[in-house]
Amino acid sequence: MERGAAIRRPLTFLMIDIHLYGKLRHFADDSATTAQSIALVSWQPGDTVGEIVTRLGIDQTDLGSNVFLNGRYANLQTPVQDGDRLGLFPDDMQLLYKWYFAPQDSAGAPSNNGSGAPEQDSGDPNSAKDGEK
Amino acid sequence: MTYGAMTGTKTHSLKGENMDRFLRINMTNRTAKFEPVPAQYKDRAGRWLTSSIVHDEVPATCHPLGPNNKLVFSPGIVTGTSSPTSSRISVGGKSPLTGGIKEANAGTGWSRRLVRLGIRALIIEGKADGLWLLKIDKNGAQFEAADSHAGARLSEVYPPLFTRFGGLKTVDVCSIGVAGENRMSAAGICFNDQDGRPTRYAGRGGLGAVMGSKGLKFIVVDDAGAEGVAIAKQDVFDAGRKKMAAALTEHAITKPRGALNSYGTAVLVNIINEAGALPTHNFRSGRFDGAAKIAGEAIFEGNKERTGKELYNHACSPGCIIQCSNTWHRPDGSEHSSCVEYESAWALGANCGIDNLDQVAEMNLLCNEYGLDTIEIGGAIAVAMEGGVAAFGDGARAIELVHEIGKATPLGKILGAGALVTGKAFGVARVPHVKGQNMPAYEPRAIKGIGMTYAISTMGADHTAGYTIAPEMLGVSGKLDPLDPNKTELARAFQYATAFIDTTGHCLFIAFAILDIASGFEGMVEECNGVLGTNWTADDVGRIGKEVLDLELDFNRKAGFTKADDRLPEFMTYEPLPPHNVVWDVPDAELDKVFG
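Top to bottom, those sequences are chains A and B.
When we follow my numbering, the leftmost residue of the first sequence carries the number 1, and every step to the right adds one.
When we follow my numbering, the leftmost residue of the second sequence carries the number 1, and every step to the right adds one.
Some clues are possibly wrong.
Said to hold, decoys possible - Straight-line C-alpha distance at most 25 angstroms; calculated PhoX-like pairs for lysine-lysine:
1) B/LYS169 <-> B/LYS138
2) B/LYS593 <-> B/LYS558
3) B/LYS593 <-> B/LYS563
4) B/LYS546 <-> B/LYS563
5) B/LYS255 <-> A/LYS23
6) B/LYS127 <-> B/LYS407
7) B/LYS309 <-> A/LYS23
8) B/LYS304 <-> A/LYS23
9) B/LYS413 <-> B/LYS127
Stated by the list, open to error - In silico negatives: residues of chain B with every beta carbon more than 10 angstroms from chain A:
10) GLU57
11) ASP147
12) GLU156
13) TYR158
14) ARG164
15) LEU168
16) HIS281
17) HIS336
18) GLY427
19) GLY533
20) GLU547
21) ASP554
22) ARG557
Unchecked claim - Derived CB-CB ranges, DEER-like:
23) B/GLY427 <-> A/PRO45: 45 to 55 angstroms
24) B/ALA396 <-> A/GLY57: 42 to 52 angstroms
25) B/LEU168 <-> A/ASP82: 51 to 61 angstroms
26) B/GLU575 <-> A/PRO45: 30 to 40 angstroms
27) A/ASP59 <-> B/PRO587: 38 to 48 angstroms
28) B/LYS309 <-> A/THR54: 34 to 44 angstroms
29) B/LYS304 <-> A/THR48: 29 to 39 angstroms
30) B/PRO576 <-> A/LEU14: 25 to 35 angstroms
Worth flagging that the hints you see were computed from the coordinates, not collected in a lab.
Glycine included, every Cβ here is placed at the ideal spot set by N, Cα and C.
Make the full structure from the sequences, and use the hints.
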């Protein structure tokens, strides 16, 4: 809804919006905590979340488990499509068990990117030990 | 004042009694009686004990505000020891909001003092005329009239009570506010924090109304000269405590200057909003345009701007490592409100469409002053907005509505009766409740697992009943099959684990650390074995949790609940929720399988 409304997109490149929080906000032009801190990053076919994150200059080890693609839990291997919204929280804001949210399509909701890729080990330090053991 | 100044019945002595007893209070004739812990309750404490006593002693069909309901307080197994983050008090009774069993808990030094006096459970029975203060110390229990405090804001009555009874180093205070005095179903039971603020609530389900119905206004506990908590196996306890402390200190969420200490629980506002699951405008949308303005980051930065320094959060109760309790400050730097929790910022903010942190903080303060559950009140106001009482986003009018509750006007009493009653009064179909309790701050259409918890919880819509009861969990290993029976096993397992944590006296937030760090989980079990002399293993966590849930389910069955009550409201099945545009589609049969 708010995406795209206030942001002027260069016409020649395909871009995705990255909503940044906490110590990652300074990668956006507006880093005020009471606003949306949004960075635009160019997109190429086949990009994954990890590649987009690196392109923005964020060290992947600064990310926590709260990585959202179009509001759905994602990981560094998740494919990204043009026009997607990526939400990134730093490692000191991983206040949720990642299993709260459906990876890709598993909650029965339509997925904007339609990829339906299976969840893989994200390299997230919590992912392997999470859970029911 | 001394004991001589107190009126009422004689002092009932604790001296010469063995430690670890029940204290039973009859409000009808204001007598107190100490009893040994019955054999069948050996090793029970916290939620296990409060739910056991409510199940065994309260007629399930009684009126929650009548003389046959009881109010039960119990500190946890390790409360009162050196175990970190363990000062919870469990409060149980039959809920006037849901009509079922209720367990609500809070973090407060009051719990430590009670257990250090050797009181494993405090049971309030009967019904008195007028309002009374109950004072408990090593010499026994005494009553005095408290009618003069009726109608007052809690921040006005707590300081004189502390002064009179020896200060924060000597006593902690439990009380109800004007909402409980008026037996409103959204009334909570208030405990002071470490600075004496009346801000820590066993909030949900209207237990404050139960306390009010009994004519009990205050319970002051003084543990001077108390013997403390006996530990059966010191070496086992010490080993467990160290593992627990290490896990809490190490984990990114619970460690000092971690997520909870820096941003408070309100760090979740931005996270859940990004996930498209922040209920907005009375559960019409999962995204709120003003979310960032009421989030934990905004609180942290706003405080920095207004006070000139970085404020990290404080502990609500003694011995907490996590320390997630925040304060919000006025433009002049003075303290305005504490604690602006995630649930409160959401209920009084996003859910009502209000993005002004000062207005949200004022409503939060007023809920503490009047003795109200912020979730139920935010829910009731949002439903009232739906019904045309105010416009979404009108913070000034919303503040007036909370004052109406504080003045116990007819409109205020409707709101104070909770969201479901408010919906009926104003002809609203969109009431997001289960079993009469308004949903907390996670949209079940966008987070199906928490929706399952809401539906089947013995407590009504309750996010704390099972943090991780998520079909999404299976998605980690591949695609999800909604009919996979493994899912219901996991769902059960997490409700059981939660019931066990509520039994230990630990704050539920230890779950973040102990579910990620295996030695922390072992430490929790070892601490309990150390105190009790038991030989529990991880298997006993599930066994005990199941026992707690079975007692609660049995009470609810006897109170008249059926599977038809384990459902989300109908509108969620036909109104798609933006931005994901999803409806609630978990099959009823799936819900019914969780507890069989």
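Each hint, compared with the structure:
1. Among the hinted pairs, B/LYS169 with B/LYS138 is consistent with the structure: their alpha-carbon atoms are about 15 angstroms apart, no more than 25 angstroms.
2. With a C-alpha separation of about 20 angstroms, the suggested pair B/LYS593 and B/LYS558 falls inside the 25 angstroms cut-off, and the hint holds.
3. Of the supplied pair hints, the one linking B/LYS593 and B/LYS563 holds, its CA atoms being roughly 10 angstroms apart against a limit of 25 angstroms.
4. With a CA separation close to 18 angstroms, the supplied pair B/LYS546 and B/LYS563 stays within the 25 angstroms bound.
5. For the suggested pair B/LYS255 and A/LYS23, the alpha carbons sit about 17 angstroms apart, so the restraint of at most 25 angstroms is met.
6. Between B/LYS127 and B/LYS407 the alpha-carbon distance is near 24 angstroms, which keeps this suggested pair within the 25 angstroms criterion.
7. About 18 angstroms separates the Cα atoms of B/LYS309 and A/LYS23, which keeps this hinted pair within 25 angstroms; it holds.
8. For the hint linking B/LYS304 to A/LYS23, the alpha-carbon distance of about 16 angstroms falls within 25 angstroms, and the restraint holds.
9. For the given pair, B/LYS413 sits about 22 angstroms from B/LYS127 by alpha-carbon distance, which is consistent with the 25 angstroms threshold.
10. Non-interface status of B/GLU57 relative to chain A is upheld: no Cβ of that chain comes within 10 angstroms, the nearest being about 35 angstroms off.
11. Under the 10 angstroms C-beta cut-off, the non-interface status given to B/ASP147 relative to chain A holds; the minimum distance is some 44 angstroms.
12. Listed as a non-interface residue, B/GLU156 keeps its Cβ farther than 10 angstroms from every Cβ of chain A; the least gap is roughly 33 angstroms.
13. No Cβ of chain A comes within 10 angstroms of the Cβ of B/TYR158; the nearest lies about 31 angstroms off, and the non-interface call holds.
14. Every CB of chain A lies more than 10 angstroms from the CB of B/ARG164, the least distance being 41 angstroms, so the non-interface label holds.
15. Distance check for B/LEU168 against chain A: the nearest CB is about 31 angstroms away, which clears 10 angstroms, and the non-interface claim stands.
16. With a closest Cβ-Cβ approach of about 13 angstroms to chain A, B/HIS281 is found to remain outside the 10 angstroms limit, as its non-interface label requires.
17. Every CB of chain A lies more than 10 angstroms from the CB of B/HIS336, the least distance being 17 angstroms, so the non-interface label holds.
18. Remark: the non-interface label on B/GLY427 is consistent with the geometry, its nearest Cβ contact in chain A lying 29 angstroms away (cut-off 10 angstroms).
19. Every Cβ of chain A is farther than 10 angstroms from the Cβ of B/GLY533; the closest lies at roughly 27 angstroms, confirming the non-interface assignment.
20. Every beta carbon of chain A lies more than 10 angstroms from that of B/GLU547, the smallest distance being close to 20 angstroms; the non-interface claim holds.
21. Distance check for B/ASP554 against chain A: the nearest CB is about 26 angstroms away, which clears 10 angstroms, and the non-interface claim stands.
22. The beta carbon of B/ARG557 sits about 28 angstroms from the closest Cβ of chain A, which is more than 10 angstroms, so the claim that it is off the interface holds.
23. With their beta carbons about 53 angstroms apart, B/GLY427 and A/PRO45 fall inside the hinted range of 45 to 55 angstroms.
24. A hinted range of 42 to 52 angstroms for the beta carbons of B/ALA396 and A/GLY57 is consistent with their spacing of about 44 angstroms.
25. The hinted window of 51 to 61 angstroms between B/LEU168 and A/ASP82 holds, with their beta carbons roughly 59 angstroms apart.
26. Look at B/GLU575 against A/PRO45: about 36 angstroms separates their beta carbons, and that is inside 30 to 40 angstroms.
27. Between A/ASP59 and B/PRO587 the beta carbon distance is about 44 angstroms. The supplied range of 38 to 48 angstroms therefore holds.
28. Here the CB-CB span from B/LYS309 to A/THR54 is close to 36 angstroms, well matched to the stated 34 to 44 angstroms.
29. Distance hint check: the CB atoms of B/LYS304 and A/THR48 are about 36 angstroms apart, consistent with the given range 29 to 39 angstroms.
30. A hinted range of 25 to 35 angstroms holds for the C-beta pair B/PRO576 and A/LEU14, which are about 29 angstroms apart.
Violation of the numbered hints given earlier is absent; every hint is satisfied by the structure.
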